[in-house]
Amino acid sequence: MDKTSQIRQVKKAVVLARKFHAGQVRKGPKGEAFYNHPRRVCKYYLTYKQKSIAGMLASICHDLVEDTALSIEEIEGVFGMEVREIVSDLTKPDHFSSEEYAAEIGTWSLESKKIKLCDIEDNILSSRAIDSNRRTCMLLRWKKYLDQLGKISSDGMAAQKEFRHKWIAVNKLHTEELKGLTAG
1 MDKTSQIRQV KKAVVLARKF HAGQVRKGPK GEAFYNHPRR VCKYYLTYKQ KSIAGMLASI
61 CHDLVEDTAL SIEEIEGVFG MEVREIVSDL TKPDHFSSEE YAAEIGTWSL ESKKIKLCDI
121 EDNILSSRAI DSNRRTCMLL RWKKYLDQLG KISSDGMAAQ KEFRHKWIAV NKLHTEELKG
181 LTAG
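For the sequence shown, the residue numbers in this note's numbering are 1 to 184.
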């Protein structure tokens with residue numbers, strides 16, 4: 001895909017996310033427009049040296065199937081099978097517990113894991129205004145996901161080493177945030 005086509009695809013993803021997340025707000029007292037979350041997840045994803053257009057598109061679209069009326073088939077129809085597979089990984093099935101969802105993380109592609117790590121990073125940072133009891137529960141759930149993401153090897157591929165480096169930083173952030181809540 002040439003650069004112009006990639007830019008068109010990204011713009012299409014942004015428009016789709018804005019349209020389908022319109023009116024949704026993030027948890028917490030600020031009432032922040034939900035659409036800002038996938039934008040930040042994409043921004044964090046773009047800090048990876050090893051990235052793909054499919055990863056960029058999926059990072060923008062990662063919550064569309066879970067939180068809107070858009071279907072995984074519609075994602076595939078607009079962006080193709082690779083984006084569908086990543087978004088499908090990132091979409092927690094309604095009938096799954098947090099533990100069941102965490103167990104699935106080990107089967108994901110590295111691209112899916114990279115985006116999930118960016119999602120958790122943004123969730124940690126953007127949840128600071130949430131009631132401490134509720135936030136503690138959220139942080140404990142995210143820890144299950146981080147633990148599964150941390151099982152990736154840093155041997156071999158540069159992308160795995162880069163992922164491992166980011167995982168260490170996000171895990172440290174998580175630990176500090178949880179410690180701050182439980183110490184207070």
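Hint data in this document are derived by calculation from the structure and do not stem from the laboratory. Honestly, I wouldn't trust all of these hints.
[Unchecked claim] No more than 27 Å apart at the CA atoms, straight line, and that leaves these computed lysine-lysine pairs for DSS-like:
| id | residue 1 | residue 2 |
| --- | --- | --- |
| 1 | K144 | K51 |
| 2 | K43 | K143 |
| 3 | K49 | K151 |
| 4 | K30 | K151 |
| 5 | K144 | K3 |
| 6 | K166 | K51 |
| 7 | K179 | K49 |
| 8 | K3 | K19 |
| 9 | K43 | K3 |
| 10 | K172 | K144 |
| 11 | K166 | K144 |
| 12 | K161 | K27 |
| 13 | K166 | K92 |
| 14 | K144 | K161 |
| 15 | K51 | K179 |
| 16 | K51 | K12 |
| 17 | K30 | K172 |
| 18 | K3 | K92 |
| 19 | K43 | K19 |
| 20 | K3 | K49 |
| 21 | K11 | K51 |
| 22 | K49 | K161 |
| 23 | K92 | K144 |
| 24 | K27 | K179 |
| 25 | K43 | K92 |
| 26 | K51 | K30 |
| 27 | K92 | K30 |
| 28 | K27 | K49 |
| 29 | K27 | K172 |
| 30 | K179 | K30 |
| 31 | K92 | K172 |
| 32 | K151 | K161 |
| 33 | K49 | K30 |
| 34 | K143 | K179 |
| 35 | K92 | K11 |
Hints versus structure:
Distance restraint check for K144 and K51: the Cα-Cα separation of roughly 25 Å lies within the 27 Å cut-off, and the hinted pair is therefore satisfied. Restraint check: the Cα-Cα separation between K43 and K143 comes to about 22 Å, which is no more than 27 Å; the hinted pair holds. For the hint pairing K49 with K151, the CA-to-CA distance comes to about 21 Å; that is within 27 Å, so the pair holds. A threshold of 27 Å between alpha carbons decides the hint, and for K30 with K151 the separation of about 35 Å lies outside it, so the pair is violated.
A distance of roughly 38 Å separates the Cα atoms of K144 and K3; the hinted pair therefore is violated under the 27 Å criterion. For the hint linking K166 to K51, the alpha-carbon distance of about 14 Å falls within 27 Å, and the restraint holds. Straight-line distance between C-alpha atoms of K179 and K49 comes to about 31 Å, which puts the hinted pair past the 27 Å bound. For the suggested pair K3 and K19, the alpha carbons sit about 24 Å apart, so the restraint of at most 27 Å is met.
Distance restraint check for K43 and K3: the Cα-Cα separation of roughly 18 Å lies within the 27 Å cut-off, and the hinted pair is therefore satisfied. For the suggested pair K172 and K144, the alpha carbons sit about 14 Å apart, so the restraint of at most 27 Å is met. Proposed proximity of K166 and K144 is supported: the alpha carbons are some 17 Å apart, at most 27 Å. Restraint check: the Cα-Cα separation between K161 and K27 comes to about 33 Å, which exceeds 27 Å; the hinted pair is violated.
Only pairs whose Cα atoms come within 27 Å are accepted, and K166 paired with K92 is accepted, the gap being roughly 23 Å. The hinted pair formed by K144 and K161 meets the criterion: a straight-line CA distance of about 21 Å does not exceed 27 Å. Between K51 and K179 the alpha-carbon distance is near 32 Å, which puts this suggested pair outside the 27 Å criterion. Proximity of K51 to K12 is assessed by CA-CA distance (about 19 Å); at most 27 Å being required, the pair is judged to hold.
Between K30 and K172 the alpha-carbon distance is near 25 Å, which keeps this suggested pair within the 27 Å criterion. Taking the CA atoms of K3 and K92, the gap is about 32 Å. The hint is violated against a cut of 27 Å. Proposed proximity of K43 and K19 is supported: the alpha carbons are some 19 Å apart, at most 27 Å. Restraint check for K3 and K49: satisfied, since their Cα atoms lie roughly 17 Å apart, inside the 27 Å limit.
Restraint check for K11 and K51: the C-alpha separation of about 17 Å stays at or below 27 Å, so the hint holds. For the proposed pair K49 and K161, the alpha carbon gap of about 11 Å is at most 27 Å, so the pair holds. About 14 Å separates the Cα atoms of K92 and K144, which keeps this hinted pair within 27 Å; it holds. Distance hint between K27 and K179 is fulfilled; the C-alpha atoms sit about 21 Å from each other, no more than 27 Å.
Our distance criterion of 27 Å between C-alpha atoms is met by K43 and K92, whose separation comes to about 22 Å. At roughly 32 Å between alpha-carbon atoms, K51 and K30 are farther apart than 27 Å, so this suggested pair is violated. The straight-line distance between the Cα atoms of K92 and K30 is roughly 25 Å, inside the 27 Å bound, and the hint therefore holds. For the hint linking K27 to K49, the alpha-carbon distance of about 31 Å lies beyond 27 Å, and the restraint is violated.
Using a Cα cut-off of 27 Å, the hinted pair K27 and K172 holds, with the two alpha carbons roughly 23 Å apart. Using a Cα cut-off of 27 Å, the hinted pair K179 and K30 holds, with the two alpha carbons roughly 23 Å apart. The hinted pair formed by K92 and K172 meets the criterion: a straight-line CA distance of about 25 Å does not exceed 27 Å. For a cut-off of 27 Å, the pair hint linking K151 to K161 stands: about 12 Å separates their Cα positions.
Between K49 and K30 the CA atoms are separated by roughly 33 Å; this puts the pair beyond 27 Å, and the hint is violated. Restraint check for K143 and K179: the C-alpha separation of about 13 Å stays at or below 27 Å, so the hint holds. For the suggested pair K92 and K11, the alpha carbons sit about 25 Å apart, so the restraint of at most 27 Å is met.
Hints 4, 5, 7, 12, 15, 18, 26, 28 and 33, counting from the list given before, are not met by this structure.
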